[in-house]
Each structure stands twice: as structure tokens, then as C-alpha cells.
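Enquirer: Grab the two chains, each in its own frame, and use the hints to assemble them into the complex.
Going down the list, the protein sequences come from chains A and B.
Just so you know, the first sequence maps onto residues 1 to 165 in our numbering.
Just so you know, the second sequence maps onto residues 166 to 242 in our numbering.
Hint data in this document are derived by calculation from the structure and do not stem from the laboratory.
Any given hint could turn out to be false.
Under 10 Å between C-beta atoms, here's a sample of chain B residues computed to sit facing chain A [said to hold, decoys possible]: (1) 181; (2) 191; (3) 209; (4) 223; (5) 225; (6) 227; (7) 240; (8) 241.
Here a beta-carbon is modelled for each residue, glycine too, at the ideal position from N, C-alpha and C.
Here are the chains, one letter per residue:
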Amino acid sequence: MDTHVNQDFPIDWEEDHYVSRREFFKFMTLASGGLAVGSVAMAAWSKLPRNERTFEPSSIAMRTDLQPGKALAFSYPRPKDLCILVQKPDGSYVAYSRRCTHLSCPVDYQPDKDRLFCPCHNGAFSIEDGHVLQGPPPHPLPQIMLEIRGDEIWAVGVKAGEASA
Amino acid sequence: MKDPRAMRRRQKSPVFVALLLFNLVLVLIQLWLFVSVLEDILASHFAMAIPAAVTSAVILTVNIWMLRGIDRMDANG
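Bound-form chain B, shown alone (with noise of 0.2 Å):
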């Protein structure tokens, strides 16, 4: 007989794959951002700096939302 600890995990798996894509998306996104402003205020433009940082903290609020998810999935089994 299964385990059903472990059927639990396996119905979760697709959602948190899901996740993590997301996640890794965003990151990258932040990545993205960070290196063009960084070669934009080295070539003195600075127009860019402010939308970019709010933009990524934007982001990383959704990446921790979407990390306390899934401790709140663990946390329910």
C-alpha cells in the first residue's frame, strides 16, 4: 500500500513546478533589469533607476507571496 504522505506530495508536484517556473522567470526578470540600469547609470543615464527598482521589489514581494504559499501548503499536509 502507497503511502499517503507521499500521493499528497506527488499532487502537489505539478503545482510547485509551476511555481518554481514562475519563480525563476522573475528572477531572471529582476536579473535582466538590474544589469540594464547598472549599464544605464554608468553611461549617466539615470532615468530608469527608480521604475526599475520598484519593479523589483514588486517582484520579490511576489516571490515571497508565492514562497509563504507553499510553506502554507506544507503546513496543510
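Isolated chain A, as found in the complex (with noise of 0.2 Å):
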């Protein structure tokens, strides 16, 4: 009877456990390297220049438009994605999307404080480049690329911000 189990199962009981282990680490080793291999594919994405995004250039104010210190609202790249434009107390002009990135309110300048302001839950953003100052925002304002082509202001294209730390 022993002869016919040791035949029909020739493999040790502790034998077979061990190889089974062996296997187990194996595959574990084998997730291992797809976890290795996906941390470093987003280490790789993360470093892709994928933050600025050209549109079709378009004419959106006048210089005379414009005092230091003043606002104006536009429309950019899509009639429904609305910006601002700024032209800060130095006469240099910046633009960003209007839409507070905390709940889609739109903010507004506030030129004896210098920064964008979201009245709906006291959000603030930095006019020199979007960042968060205080408030539930969780990401900066995306920047809006501007050219100057002679008296006109240009849009041409979005800048999204890095979240800050």
C-alpha cells in the first residue's frame, strides 16, 4: 500500500509546501517588478512638459482698454471658459481662467490687495502666478499666455499651474 502511495505521489509533504512557497515568492518578486515598473512610469509622465497648451491665437483687448490696476473679463480658448485680465500697478499684464478651482465661482481683482479674490468661500490667489494664498482652492489658477501684437492684447495660450506643496 505504501508503494503505491509513495509511487502515485512521489513528491514529500514538506517538499511540496517549500515549492509552493518558493512559487509564492516568486510571484510576489514578480509583482514587485510591475510595481517598480509602474512607479517609474508615472516618475516619467510627471516630468512630461504637458502643463502649457497653445490654442488658437485670439485678439481679446485693447492696450487703451486697460489702466494699472484694472480688470477686465474675456472669454478663452471656448466662449464658456471665462478669464480675466489684469494689468498690475507696474503696467505688465496678466491673464488667468476666472473659475476658482475650488468650486467654479468666479474670482475677482482686488487691486489695494493685489490678488484674485473667490467671494464664495474667501479663496485667494497670488496675481504674479496664480498660486493658492489662503482658502479651499486645491490647485492654482491655470495662467492664461498672453503676446502683445502692437496695441492689441493676444491670448494664445493656457498654462496650468503646479499645485504648491
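Expert: As C-alpha cells, then:
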């Protein structure tokens, strides 16, 4: 009887378990490889220059339409994409998406504090680069890339800001 | 009389289990890093992506090194 069993099942019980665990170890190492490849792919993807997107240029205002410390609303690139153009006190121009990154309320320019302010939940963004100064917004405001062509101000693209840590 | 090969297996078993547990812990750390970085990237935070990738690659190297060690252990009987 014993001889029959040994012929039918020639692998020792201990050895059988050992082999199973070794196969499991190999599987876990394979999983480890998959996770490492995924992590490296995410790191490479995070370094891609994907935050600037160009659209068809559009004339948004004349230079004479604004004075330092004043703002003007416009739409870019689609009619429903609300934006705000600001002439800073030093005379330079900046433009941002007008939708707050919290709950999409329209932001307004506050010349006395030189910032963009969302009245819904007291969020505020820097006029310099759109980063979050206060409140619940999780991301900076996307910046509209501008070009001055003669007396006209043109919007040429959108630059998504990277979230601050 | 007991099979001497099976005896050796029994002696190697605790070492193997320790390595297997260590491997499991390392893979869990890798999984945690992967999910954390994925969440960060979806929230537009990219600062942790490269350190996590380097750590994950180091863990993979350790796991492969342990697997080769087990293969060597088997080859030596």
C-alpha cells in the first residue's frame, strides 16, 4: 500500500509546501517588478512638459482698454471659459482662468490687496503666478499666456499651474 | 530512517519563511508608495514621484537579490 502511495505521490509533503512557497516568492517578486515599473512610469510621466497648451490665438483687448490696477473679463479658448485680464500696477499684463479651482465660482481682482479673490469661500490667488494664497482651492488658477501685438493683447494658450506642496 | 534531503529542507524552512515575510513587507511598502504617488499625481503634486520610483526600484533589487539567494540555497542542497 505504502509503495503504491509513494509511486502515485512521489513528492514529500514538506518539499511540496516548500515548492509552493518558493513559487509564491517568485510571484511576489514579479509583483514587485510590476509596481517598480509602474512607479518609474509615473515618475517619467510627471516630468513630461504637459502643462502648457496652445490654442488658436485670439485678440482679447486693446491696450487702451485697461489702466494699471484694473481688470477686464473675457473668454478663452472657448466662449464658456471665463477668464480675467489684469494690468498690474507696474503696467504689465497677466490673465487667468476666472473659475475658482474650488467650486468654480468666478474670481475677482482686488487691486488694494493685489490678488484674485473668490467670494464664495474666501479663496485667494496670487496675481504673480496664480498660486493659492488662502482658502480651500486645491490648485492654482490656470494662467492664460499673453502676447502683445501692437496695441492689441492676444491670448495664445493656457498654462496649468503646478500645485504647491 | 529519515530522508536527509527532507531534513535539510526543514532546516532551511525558517530562513525561507523569514525571507518570505520580509519580501511581503517590502511589496506592501511598494504598493503603499505606488498608491500614494498615484493619489498625489491626480492632485497635481509631483514632488514625491521620483523619490518613490527610486525607492521602489531599490526594493525590487532587494527582492531579486533574495530570490537569487534562495535559488543558490536550493542549488547547494
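Enquirer: Next, verify each hint and record whether it holds.
Expert: Checked hints:
A hinted interface residue such as residue 181 of chain B counts as satisfied when its beta carbon comes closer than 10 Å to some beta carbon of chain A; here the least separation is about 7 Å, so the hint holds. Evaluation of the residue 191 of chain B hint against chain A yields a held restraint, the C-beta minimum of about 7 Å falling below 10 Å. Hint on residue 209 of chain B holds. Least Cβ distance to chain A is approximately 4 Å, under the 10 Å limit. Because the beta carbon of residue 223 of chain B sits about 9 Å from the nearest beta carbon in chain A, less than 10 Å, this interface hint is met.
Evaluation of the residue 225 of chain B hint against chain A yields a held restraint, the C-beta minimum of about 4 Å falling below 10 Å. Interface restraint check for residue 227 of chain B: the shortest CB-CB distance to chain A comes to about 9 Å, inside 10 Å, so the restraint holds. Checking residue 240 of chain B against chain A: minimum C-beta separation of about 13 Å lies over 10 Å; hint violated. At about 15 Å, the closest approach between the beta carbon of residue 241 of chain B and any beta carbon in chain A exceeds 10 Å, and the interface hint on this residue is violated.
Hints 7 and 8 from the list above are not met by this structure, while the remaining hints are.
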